[in-house]
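*Asks:* For the record, the sequence lines run as chains A and B. Heads up, the first sequence is in this note's numbering, so the first residue is 1 and it goes up one at a time. Heads up, the second sequence is in this note's numbering, so the first residue is 119 and it goes up one at a time.
To be clear, the hints were calculated from the coordinates, so they are not data collected in a lab. One or more hints might be untrue.
Covered by chain B, per the in silico footprint, the following chain A stretches (three or more residues, Cβ under 8 angstroms) [to be verified]:
| hint | segment |
| --- | --- |
| 1 | 61 to 67 |
| 2 | 106 to 118 |
Only some residues are given here: those of chain A computed to face chain B with a beta carbon under 10 angstroms [as the list claims (entries may be wrong)]:
| hint | residue |
| --- | --- |
| 3 | C13 |
| 4 | F34 |
| 5 | Q38 |
| 6 | Q42 |
Across the chosen pairs, the derived CB separations fall in these ranges [unchecked claim]:
| hint | chain 1 | residue 1 | chain 2 | residue 2 | range |
| --- | --- | --- | --- | --- | --- |
| 7 | A | K64 | B | L198 | 34 to 44 angstroms |
| 8 | A | E22 | B | N175 | 49 to 59 angstroms |
| 9 | A | N70 | B | E132 | 41 to 51 angstroms |
| 10 | A | H85 | B | N175 | 34 to 44 angstroms |
| 11 | A | S43 | B | N137 | 17 to 27 angstroms |
| 12 | A | L118 | B | E184 | 53 to 63 angstroms |
| 13 | A | E63 | B | H195 | 44 to 54 angstroms |
| 14 | A | E59 | B | L169 | 23 to 33 angstroms |
| 15 | A | D27 | B | H167 | 30 to 40 angstroms |
| 16 | A | E87 | B | T174 | 38 to 48 angstroms |
| 17 | B | S143 | A | T17 | 43 to 53 angstroms |
Heads up, the beta-carbon is just placed ideally off N, CA and C, and yes, glycines get one too.
What follows is the residue order along each chain.
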Amino acid sequence: GAVVSQHPSRVICKSGTSVKIECRSLDFQATTMFWYRQFPKQSLMLMATSNEGSKATYEQGVEKDKFLINHASLTLSTLTVTSAHPEDSSFYICSASTRQGASYNEQFFGPGTRLTVL
Amino acid sequence: DAKTTQPPSMDCAEGRAANLPCNHSTISGNEYVYWYRQIHSQGPQYIIHGLKNNETNEMASLIITEDRKSSTLILPHATLRDTAVYYCILRTGANNLFFGTGTRLTVIP
Numbered sequence: 001g002a003v004v005s006q007h008p009s010r011v012i013c014k015s016g017t018s019v020k021i022e023c024r025s026l027d028f029q030a031t032t033m034f035w036y037r038q039f040p041k042q043s044l045m046l047m048a049t050s051n052e053g054s055k056a057t058y059e060q061g062v063e064k065d066k067f068l069i070n071h072a073s074l075t076l077s078t079l080t081v082t083s084a085h086p087e088d089s090s091f092y093i094c095s096a097s098t099r100q101g102a103s104y105n106e107q108f109f110g111p112g113t114r115l116t117v118l
Numbered sequence: 119d120a121k122t123t124q125p126p127s128m129d130c131a132e133g134r135a136a137n138l139p140c141n142h143s144t145i146s147g148n149e150y151v152y153w154y155r156q157i158h159s160q161g162p163q164y165i166i167h168g169l170k171n172n173e174t175n176e177m178a179s180l181i182i183t184e185d186r187k188s189s190t191l192i193l194p195h196a197t198l199r200d201t202a203v204y205y206c207i208l209r210t211g212a213n214n215l216f217f218g219t220g221t222r223l224t225v226i227p
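Throw the hints in and build the complete structure from the sequences for me.
*Replies:* What follows is the structure, encoded as structure tokens:
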């Protein structure tokens, strides 16, 4: 159980285009989904926290107008990289969790999406 | 986000136990010690977590010192598939996961 999928696994796009990445919890309902970014040879950096049905909370330094997050259902969150540029090329990883009061339960991670912007 | 310190890299012979240390001298009473690993170009995988007591599951054992200022993740019989970056993370239930730089474990045939 606790499987999280991402689609696509790999995407190459031209500079200036927008790219949408989907994150799905396949066998549980995720009240909260997290989006991370990982540059080569670096650790994961949390970009934003998304609760179902409400606006995402972005970490400092992450542009909310550039990285649009939608969490419209308990099993699906999407990250749209708008007007992508080469510096946005990275490995994007989502995770899904359930929330109990003020606490989060275990986070289960997706396999990641490698974005290359030409 | 609380701080942990891990060695940047370690090697382990295949079939032997891999012992990965983590220092967390500023841990507070309600913080759990979590371990994740990330195999190259994949998402992180949960391994184990604990608060005070030692824990064991099908993947690994977690030994936490009595003062909770350090811990050790033990992979009892390392295989080549255990080659990965291992992250030690402190977390309360209300906190997000903040990944440090981790330990790159290489299992050698």
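*Asks:* The structure should be examined with respect to each hint, and the outcome stated for every one.
*Replies:* Verification of the supplied hints:
1. 61 to 67: violated (count 0)
2. 106 to 118: Since three or more residues must qualify, the claim that chain B covers the segment 106 to 118 of chain A holds, with 8 doing so at under 8 angstroms.
3. C13: violated (19 angstroms)
4. F34: It holds, given that the least Cβ distance between F34 of chain A and chain B is near 7 angstroms, below 10 angstroms.
5. Q38: holds (9 angstroms)
6. Q42: The hint holds - Q42 of chain A has a Cβ within 10 angstroms of chain B, the shortest such distance being about 8 angstroms.
7. A:K64 x B:L198: 34 to 44 angstroms: Since K64 of chain A and L198 of chain B have Cβ atoms about 42 angstroms apart, the given range 34 to 44 angstroms holds.
8. A:E22 x B:N175: 49 to 59 angstroms: violated (31 angstroms)
9. A:N70 x B:E132: 41 to 51 angstroms: Holds, at about 45 angstroms.
10. A:H85 x B:N175: 34 to 44 angstroms: holds (43 angstroms)
11. A:S43 x B:N137: 17 to 27 angstroms: holds (22 angstroms)
12. A:L118 x B:E184: 53 to 63 angstroms: Holds, at about 55 angstroms.
13. A:E63 x B:H195: 44 to 54 angstroms: About 46 angstroms separates the Cβ atoms of E63 of chain A and H195 of chain B, which means 44 to 54 angstroms holds.
14. A:E59 x B:L169: 23 to 33 angstroms: At 26 angstroms between Cβs, range holds.
15. A:D27 x B:H167: 30 to 40 angstroms: Taking Cβ atoms as reference, D27 of chain A and H167 of chain B lie about 21 angstroms apart, which means the hint is violated.
16. A:E87 x B:T174: 38 to 48 angstroms: holds (44 angstroms)
17. B:S143 x A:T17: 43 to 53 angstroms: holds (47 angstroms)
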